[in-house]
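The listed protein sequences correspond, in order, to chains A and B.
Start counting at 1 in the first sequence, then tack on 18, and there's your number in the numbering used here.
Start counting at 1 in the second sequence, then tack on 4, and there's your number in the numbering used here.
Calculated directly from the structure, the hints in this document are not laboratory data.
Misleading hints may appear alongside valid ones.
[Said to hold, decoys possible] In silico DMTMM-like links for lysine to aspartate or glutamate, alpha-carbon gap of 20 Å or less:
id: 1; chain 1: B; residue 1: K165; chain 2: B; residue 2: D146
id: 2; chain 1: B; residue 1: K368; chain 2: A; residue 2: D385
id: 3; chain 1: B; residue 1: K231; chain 2: B; residue 2: D178
id: 4; chain 1: B; residue 1: K368; chain 2: A; residue 2: E246
id: 5; chain 1: B; residue 1: K231; chain 2: B; residue 2: D216
id: 6; chain 1: B; residue 1: K165; chain 2: B; residue 2: E295
id: 7; chain 1: B; residue 1: K165; chain 2: B; residue 2: D141
id: 8; chain 1: B; residue 1: K231; chain 2: B; residue 2: E295
id: 9; chain 1: B; residue 1: K368; chain 2: A; residue 2: D379
id: 10; chain 1: B; residue 1: K231; chain 2: A; residue 2: E302
id: 11; chain 1: B; residue 1: K165; chain 2: B; residue 2: D179
id: 12; chain 1: B; residue 1: K368; chain 2: B; residue 2: D354
[As the list claims (entries may be wrong)] According to the in silico footprint, chain A covers these stretches of chain B (three or more CB under 8 Å from chain A):
id: 13; stretch: 67-76
id: 14; stretch: 225-238
id: 15; stretch: 278-285
id: 16; stretch: 306-319
id: 17; stretch: 361-371
id: 18; stretch: 376-383
Even glycine gets a Cβ: it sits at the ideal position worked out from N, Cα and C.
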Amino acid sequence: MTEVDERNARGFSRRALLGAFGAGALTVAGAGTATALVVGRAPSAHPASAQYPFHGAVQQGVTTPMQRSLHFAALDITTTTRDAVITMLQRWSAAAAAMTTGQPIGGTRTSTGGYDAPPDDSGEAMDLATSGLTITVGFGPTLFRDVAGHDRFGLAGQQPSCLHELPHFPGDQVDPLISSGDLCIQACADDPQVAVHAVRNLVRIAFGTATVRWTQAGFGASSSTSTEQPTPRNLFGFKDGTNNIMGGDQAALDDYVWVQPADEPQWMAGGTYLAVRKIRMILETWDRTSLREQEGVFGRTRSEGAPLSGGDEFTTVDLAATGRGTDPLVPADSHLAVAHPSSNNGVRILRRAYNYTAGSDRLGRIDAGLFFLAFVRDLDTQFIPMQMRLSRSDRMNEYVRYQSSAAFAIPSGLRGPDDWFGRALFEATA
Amino acid sequence: MRSHRTIAPIIGAGSLVLAFALTACSSTQAGAGAGITVTSTDTECTASAVTASAGVIEFTVVNSGTQVTEVYVLGADALQVEAELENVGPGISRSLVAQLEPGSYVISCKPGMSGDGIRTPFTVTGTASAPATGAADQRAVDAATQEYQAYVQDEAAALLKGTRAFTAAYRAGDDVGARALYAPTRMHWESIEPVAESFGDLDPILDAREADLAEGEVWTGWHRIEKDLWPPAAGYTALTTAQRDSLAAGLVRNTAALVERTASLNFTLDQLGNGAKELLDEVATSKITGEEETWSHTDLWDFKANLDGAHRMFTALRPIVEANDPALAAQLDAEFADVTALLARYRDGDGYVSYMALTPAQVKELAAAVDALGEPLAHLTSVSLLGRRASS
Numbered sequence: 019m020t021e022v023d024e025r026n027a028r029g030f031s032r033r034a035l036l037g038a039f040g041a042g043a044l045t046v047a048g049a050g051t052a053t054a055l056v057v058g059r060a061p062s063a064h065p066a067s068a069q070y071p072f073h074g075a076v077q078q079g080v081t082t083p084m085q086r087s088l089h090f091a092a093l094d095i096t097t098t099t100r101d102a103v104i105t106m107l108q109r110w111s112a113a114a115a116a117m118t119t120g121q122p123i124g125g126t127r128t129s130t131g132g133y134d135a136p137p138d139d140s141g142e143a144m145d146l147a148t149s150g151l152t153i154t155v156g157f158g159p160t161l162f163r164d165v166a167g168h169d170r171f172g173l174a175g176q177q178p179s180c181l182h183e184l185p186h187f188p189g190d191q192v193d194p195l196i197s198s199g200d201l202c203i204q205a206c207a208d209d210p211q212v213a214v215h216a217v218r219n220l221v222r223i224a225f226g227t228a229t230v231r232w233t234q235a236g237f238g239a240s241s242s243t244s245t246e247q248p249t250p251r252n253l254f255g256f257k258d259g260t261n262n263i264m265g266g267d268q269a270a271l272d273d274y275v276w277v278q279p280a281d282e283p284q285w286m287a288g289g290t291y292l293a294v295r296k297i298r299m300i301l302e303t304w305d306r307t308s309l310r311e312q313e314g315v316f317g318r319t320r321s322e323g324a325p326l327s328g329g330d331e332f333t334t335v336d337l338a339a340t341g342r343g344t345d346p347l348v349p350a351d352s353h354l355a356v357a358h359p360s361s362n363n364g365v366r367i368l369r370r371a372y373n374y375t376a377g378s379d380r381l382g383r384i385d386a387g388l389f390f391l392a393f394v395r396d397l398d399t400q401f402i403p404m405q406m407r408l409s410r411s412d413r414m415n416e417y418v419r420y421q422s423s424a425a426f427a428i429p430s431g432l433r434g435p436d437d438w439f440g441r442a443l444f445e446a447t448a
Numbered sequence: 005m006r007s008h009r010t011i012a013p014i015i016g017a018g019s020l021v022l023a024f025a026l027t028a029c030s031s032t033q034a035g036a037g038a039g040i041t042v043t044s045t046d047t048e049c050t051a052s053a054v055t056a057s058a059g060v061i062e063f064t065v066v067n068s069g070t071q072v073t074e075v076y077v078l079g080a081d082a083l084q085v086e087a088e089l090e091n092v093g094p095g096i097s098r099s100l101v102a103q104l105e106p107g108s109y110v111i112s113c114k115p116g117m118s119g120d121g122i123r124t125p126f127t128v129t130g131t132a133s134a135p136a137t138g139a140a141d142q143r144a145v146d147a148a149t150q151e152y153q154a155y156v157q158d159e160a161a162a163l164l165k166g167t168r169a170f171t172a173a174y175r176a177g178d179d180v181g182a183r184a185l186y187a188p189t190r191m192h193w194e195s196i197e198p199v200a201e202s203f204g205d206l207d208p209i210l211d212a213r214e215a216d217l218a219e220g221e222v223w224t225g226w227h228r229i230e231k232d233l234w235p236p237a238a239g240y241t242a243l244t245t246a247q248r249d250s251l252a253a254g255l256v257r258n259t260a261a262l263v264e265r266t267a268s269l270n271f272t273l274d275q276l277g278n279g280a281k282e283l284l285d286e287v288a289t290s291k292i293t294g295e296e297e298t299w300s301h302t303d304l305w306d307f308k309a310n311l312d313g314a315h316r317m318f319t320a321l322r323p324i325v326e327a328n329d330p331a332l333a334a335q336l337d338a339e340f341a342d343v344t345a346l347l348a349r350y351r352d353g354d355g356y357v358s359y360m361a362l363t364p365a366q367v368k369e370l371a372a373a374v375d376a377l378g379e380p381l382a383h384l385t386s387v388s389l390l391g392r393r394a395s396s
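Take these sequences, add in the hints, and give me the full structure.
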């Protein structure tokens, strides 16, 4: 039995989470409220004015229906002063609250310092709608301990046991310069300029306290986190992540995504963990691969996304079904079979992946792929064993290269205007 | 080692029935009946049209039943298989392409894959393009697969012989001699890589790169020895004599096992076509990037071996390709010649210059040539099997 199963057996649930937050007026339901914004609408019909509540028991940008664009940044802290980190997180919280509700940083004025001061807000989002902007902030393992193991800011005693650098997975060709990080910012919006604006202004606030380590832009949401959204296609042309955990599936979210009050450490209750993997897709060789092989790689039909065992996209796959001969219809080394919960002790994850491209590489090939983001309740029991299995036996590995790796703890949501990112962590270590 | 594919087990012998025809007809000529839907239910087999014009006919097979189904296009005797599609799951649609001469045929659906099938007659009208004889077809297929089989066995034997000499030098501490034998010996592996990799148990212990392993796994094989012969400048502990002995013995033992297994392999046309494509993929993804030979930088030797292996598969199939699509055969001749000539510029003595000696512009030029060959080469399987090329 996995750790997650044991937790289930002990009966932790959304109710427990609600109880932990007392009144529970704003709990995971915050996410439910957000989902309601798009009920009955196709994703392309997100209203430009869409806004998701910034304050709530959980951070936005996890169960929020996927927006069309991503701008992701990992930062390294440059200060050695704990108070400077706290001040930055407080300023980030206020700025994020403003931007996600369509307000410029510093209020409506062009500059709080007057005509001879630089504007508070960089300005490029001024005439744009909120576009469903969400801002999600996380803490990397190196915030707690540096690579030599030293406690940097008095936080080491509260480092979650599953928050460590991801291991080397077979076949990884990870570039450390685009991996890891002390902090992360995930900004998602239907307009890429709105997402870039959010990261740009938070980075500006961080100057002197933290510096950008790497960034990644994404487009074309390659996962669906709400039942109103059709499953998008990745750059291989296939639907992937059909069995994703949906924002409305509270039981699955409690089991597999949100850290429960009885989990350790306490300050992470209502939080989640983020696994990041930049997956370069070798599109040129993929495109000259036969449809037979392509469908065998995914275990699904390309047209409908139906499992090769039959049915439509949402039909439960039958991994044991055979045709002529003894080989299963869904190849045992297909992506579908290897990633399936039944191959992973029943474990599930919440995928929130985006496609990416960054022009071309030195060979003139399209530098593109999948910027894979997954949210889980426990990295050690959910993401890492699943990735290990995929890295060992997924037939898709032939056509991909894993180029970066990172893990972050996403603390709980901000309860109100006085709350700030990670307050519970810093208070627990005060 | 990258591939997780297995040329031998992927498609059992004869699972893809050879419906190609050695005819002079144009491969692009579509029958007037193209786009016929065949619906297979648990009890019925229906076609949206019962006649079509001779040529390439595309059937869309729809499995509306509850069981896995198969669809066959049979000759008038209901025995000769002209085309077949198997393993169609319930609810799934799939394309079945057949090249048919005028005459009477039977379409047979076999839900549940048992019994004689549910049959419906089908007529192809028009003019015969050229006489096609099934016996001649089979002779061409046998010639192609036997030619390739002989090549594989020759290469495997050369690999084992070379491996013995290489490991003897390595065990004796003759690093200069071992380094000189490393790349030329490995060429015999790289030339038949899709076959070598098909043995999923042997491939990782013979050809894993360091990055292919998870933490704590034991690293053996060619690339482990490669690192010991071309060690990093700092932070590397040379292997002991006992460790060398063990690695060398394993390399010989497992190579011998591989050679033994290749003796009993039988190949099908699609394996040859797909294998050639896989070899070019290997060049495009692992050799042109310099990621295969991290320590020795002998990637261009591997490049040459992959290219030769692909060319041998094409050569074996060439009479069939020439008959079905002469333009493709000519194009592949030209593209193979281009890549070969380009690669020859980097010859150095009996071998090739180090990958590290290439400029970015030279690497890019090689990559472009590989892509130029890879695209037409990807049509080898369908042209060999069906005499039909995807529209492009």
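Hint-by-hint comparison with the structure:
1. B:K165 <-> B:D146: Roughly 28 Å separates the two Cα atoms, so the pair is violated.
2. B:K368 <-> A:D385: holds (14 Å)
3. B:K231 <-> B:D178: Holds, at roughly 15 Å.
4. B:K368 <-> A:E246: violated (44 Å)
5. B:K231 <-> B:D216: At roughly 14 Å apart (the allowed maximum being 20 Å), D216 of chain B and K231 of chain B satisfy the hint.
6. B:K165 <-> B:E295: violated (26 Å)
7. B:K165 <-> B:D141: The hint is violated at about 37 Å.
8. B:K231 <-> B:E295: Cα-Cα ~13 Å, so holds.
9. B:K368 <-> A:D379: holds (10 Å)
10. B:K231 <-> A:E302: violated (30 Å)
11. B:K165 <-> B:D179: Satisfied, since the Cα-Cα distance of roughly 18 Å is no more than 20 Å.
12. B:K368 <-> B:D354: Violated, at roughly 24 Å.
13. 67-76: As far as the stretch 67-76 of chain B goes, the hint holds, because 3 residues have Cβ atoms under 8 Å from chain A.
14. 225-238: violated (count 0)
15. 278-285: holds (count 3)
16. 306-319: violated (count 0)
17. 361-371: holds (count 4)
18. 376-383: Our answer is that it holds, as 4 residues pass the Cβ test (under 8 Å) against chain A, meeting three.
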